[in-house]
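Peer 1: Okay, here's what each chain looks like letter by letter:
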Amino acid sequence: MDILSQEITIILIGSIFFFLVAVGIIVLLLIYQKKQLQSILEKQEQQNQFQQELLTARLEGQEETLNQVGRELHDNVGQLLGTSKLLIGVVRRASPMPAEELSLAEATVSKAINELRALSKSLNKDWLEKFNFIQNLTAEAARINSSKDLNMTLEHPGVIHLPTERQLVLFRMVQEAFQNALEHGQPKQIRIFVRQDDSMIQVVVEDDGSGFDVSDSSRQGVGMINIRNRAQSLGGQAVWQSTGEGTSVTFQIPFNYEY
Amino acid sequence: MLTDSPLSHFISFLLEPVAYFIYALIFLWIWRQKSRKPRYMILCGYYLAATTLMVKASMVKTDSNIDLYDFLFLLSSICLAAFFYLLYTDRIKKLIAAIIGGAEVIYFIFNNLIFSGSPLFDSTAYVILSSGVAVMIFMYIHELLVNISEQPLLFSFDFWFVSGQIIYHLGSFIIFLTFNYLTKKILPAEFYSHENRAILTKLWGVHNVLLFLGSLLTTGGVAWISFHKKSPSS
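Those sequence lines, one after another, are chains V and P.
Per the numbering used here, residue 1 is the first one in the first sequence, and the count goes up by one each step.
Per the numbering used here, residue 1 is the first one in the second sequence, and the count goes up by one each step.
Please keep in mind that the hints were generated in silico from the structure rather than gathered at the bench.
Among the clues, some could well be false.
[To be verified] Keeping only pairs whose Cα atoms sit at most 35 Å apart, straight-line, the calculated DSBU-like set for lysine-lysine is:
#1 V:34 x P:185
#2 V:35 x P:229
#3 V:34 x P:34
#4 P:185 x V:43
#5 V:35 x P:93
[Claimed, not checked] Ranges of calculated distance between the beta carbons of each label pair, as one might list FRET restraints:
#6 P:151 x V:13: 33 to 39 Å
#7 V:39 x P:225: 55 to 61 Å
#8 V:13 x P:145: 26 to 32 Å
#9 P:92 x V:216: 44 to 50 Å
#10 V:198 x P:151: 29 to 35 Å
#11 V:39 x P:124: 40 to 46 Å
#12 P:86 x V:216: 39 to 45 Å
#13 V:13 x P:124: 18 to 24 Å
All C-beta atoms in this analysis are idealised placements derived from N, C-alpha and C, irrespective of residue type, glycine included.
This is chain P alone, in the form it adopts within the complex (with noise of 0.2 Å):
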């Protein structure tokens, strides 16, 4: 099971700037098809930043990418929140995104910029992250709910997307929200090793997966509407 396979390097390290990527080119296609919502372009340089981040990370090799991480909560908070608050078409749950990604920045001005961080991978930020966007989720189902549109659920976009979040967030939560504790239970040398160092590291290739699975769910989505548009027979 610990043996570093080429596959499971890949899922381990190079899953998560993949899955990114394809984030970013799902709207970079859907900025060349012109559909240019602000919220759409708000993810694309999300996306594309966060892509940038990853790769670089991956090429440059550091003693600690936790300062990625924390910019990447940063940006997520700030862009997420930014796409529920533009998707929205409820003026409370506008404000509850707005509260939702004004209290994450809150967060990291606290943790990172006047308690100067943790040397730890903060994960109880992306505990909060994925809290936030689960909140977020589900007022967007409610709103779903409420105002039934004629056109099917699956020729929405917003809807493949938000369903490809909702399997990461949800996915992912329980691993944020142990992350922190099992990384301080292998730290005292008594249990440092290479063995439960590589656990915490497939662990995170779980996590890598789900948002792996989430951006395939979403291309998915992209192909389906597209082909059924074209298709003469829709």
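Pulled out of the complex, with its shape left as it was, chain V reads as follows (with noise of 0.2 Å):
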């Protein structure tokens, strides 16, 4: 029966034409889901750059005010205390019998402006960027230590393969930690570890103070939002942990990190 034939010949031709359209649909819906993946992923990815440029702009704009408090402590707080140190010196000269507390107030200011300059040094990026890390560290911890009250120890592998940049914003973290420990955990001691593998490097800063509760955000204050900016401007973190003997702060930084 010919017509039958035909007719059969027309139906199958339809199936494969409707199971065409079934595939097509499919292949059409996997592409289609693929691109808009891709786009989603582009969209974060930009998301992230711009985040990851806001972050670098006021962590630039901090350094700079650092710089800017560095250089009116040297210039102008400094002249003023070098001019009062001047003045002692004119009075106990001057005097024939000069009272002992006049070489004592000028041997004080003299102290005040040596740790002025140090402190105006650690604040000045112009200036940490001439050392590296492990050199800002030694004299930072020098600095702490000529108070007499906290010692502060340095363990460190002796170079550290961070480019100079990034070392500094390590540094800002390491300064930040440990002047949160002074300022809220009164401790006696600061140890700061540096270890390095091949692929970061991690810093630990362990002091002996108080402690706090770090699950307690409303004790995470603006220091601890610096450090982890900075952390995650390196594409690193910072992990604090604390007990009632004391507080310590891990800072882990890769260094194949893409700004």
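Assemble the dimeric complex from its two separately framed chains, guided by the hints.
Peer 2: In structure tokens form, the structure reads like this:
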């Protein structure tokens, strides 16, 4: 029966057509979803890049402020202290029998000038960039130890494999960490350990202060936020652990992070 | 073309239960993997029941298997509508799935229980079923397009199952649409011949191949998902 055969052929062609439509729908759906996912990923990447740029700009702003404070301390307060020392020296030398207090005052002002210079240098980006992370940390430890109220020890591998500008950010993180410890924990001892392997550098800042509740968000101040932001800008992380016998902050910074 | 070779016999008479059996195995495997979402449990029950019915029909020779296909229509209508109902997140889509399932059940009740059914294979019921499933599949695709997931579609079992269903239901749609017409055409004595009957049997074989392809696609998807989840590089 020819007509039946023709009809069957048409039905088969129709079935194949609908089958191909079904396959086409599946393939188009897969292609569409792949493109959408790519677009979502690109958007996320752009957002991350924007956030990173924002963070870098904010940190640069903070760095500029520290620079300015360092310069002001050095140029203004330093000048005033220098003049004071000079005047005390003039008075001391002019009097036939100078009071012992004058010599003590002159020595105290001298000490203040030295500390101010050291502090000013530790705030000055251009100065810090002349040295590496370990050298800056050693100078900072010496400055802290000169107060005699606190003992800061430093263990390090000698050289670290981090670009200069990233060493400065890491230094600021460590500086912020022990400033936090000094401000809130009243420690007697601060220990800093610097370790590195092929992929990352780890810095641990330990103190024997009063500690704090890490889980309590109300205790997490600007210092911790700054540290977190800086760690994020380096593609790393900062982790706090604290007991009643002290606090430790661990920084893990990868070497190969792309800005 | 009309020689009843073993392969042709297998395709026309045995491929359908094999395809249902493959689906049943897939859902039993999913059950074993402890992914006991209600929609998979429903389909597991559906394919086990369909396989049992098909195997029974293949083994026990009866004059007609019309009742089997009528019951299978009812089972498919309820289970596939329930699957899509549970799959959707959108309330309107859920409602539409429920309406489609309900309409098919009402058709079954009217056609088979009130009007005592037809002595012929009710391909109209399957046209309604395929149309309903196609609508539900397009609603699923719409949901996928609206809510783009971060997980690639190839990792979704639902996507693989629905792909198998779209291949079967769209591909078979024309066959269902014309099967009743062709059956009525060859039934009169002047047209009835072994050859014409064989042509219809082979056309049903094409339907079986599409059902089998759908089950193979779903199996391939399950294999792909489990391979990539176990692969350490994934």
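Peer 1: Confirm or reject each hint.
Peer 2: Comparing the hints with the structure gives:
1. V:34 x P:185: The hint is violated at about 48 Å.
2. V:35 x P:229: 23 Å, holds
3. V:34 x P:34: With a Cα-Cα distance of about 29 Å, the restraint between residue 34 (chain V) and residue 34 (chain P) holds, given a limit of 35 Å.
4. P:185 x V:43: It is violated: about 60 Å lies between the C-alpha atoms, which goes past 35 Å.
5. V:35 x P:93: 25 Å, holds
6. P:151 x V:13: 33 to 39 Å: At roughly 38 Å between Cβ atoms, residue 13 (chain V) and residue 151 (chain P) fall inside 33 to 39 Å, so the hint holds.
7. V:39 x P:225: 55 to 61 Å: 24 Å, violated
8. V:13 x P:145: 26 to 32 Å: Holds, at about 30 Å.
9. P:92 x V:216: 44 to 50 Å: Since residue 92 (chain P) and residue 216 (chain V) have Cβ atoms about 46 Å apart, the given range 44 to 50 Å holds.
10. V:198 x P:151: 29 to 35 Å: 33 Å, holds
11. V:39 x P:124: 40 to 46 Å: 44 Å, holds
12. P:86 x V:216: 39 to 45 Å: For residue 86 (chain P) and residue 216 (chain V) the Cβ distance comes to about 43 Å; the hint holds.
13. V:13 x P:124: 18 to 24 Å: Holds - the Cβ-Cβ distance for residue 13 (chain V) and residue 124 (chain P), about 22 Å, lies within 18 to 24 Å.
The structure fails to meet hints 1, 4, 7 from the earlier list, while all remaining hints are met.
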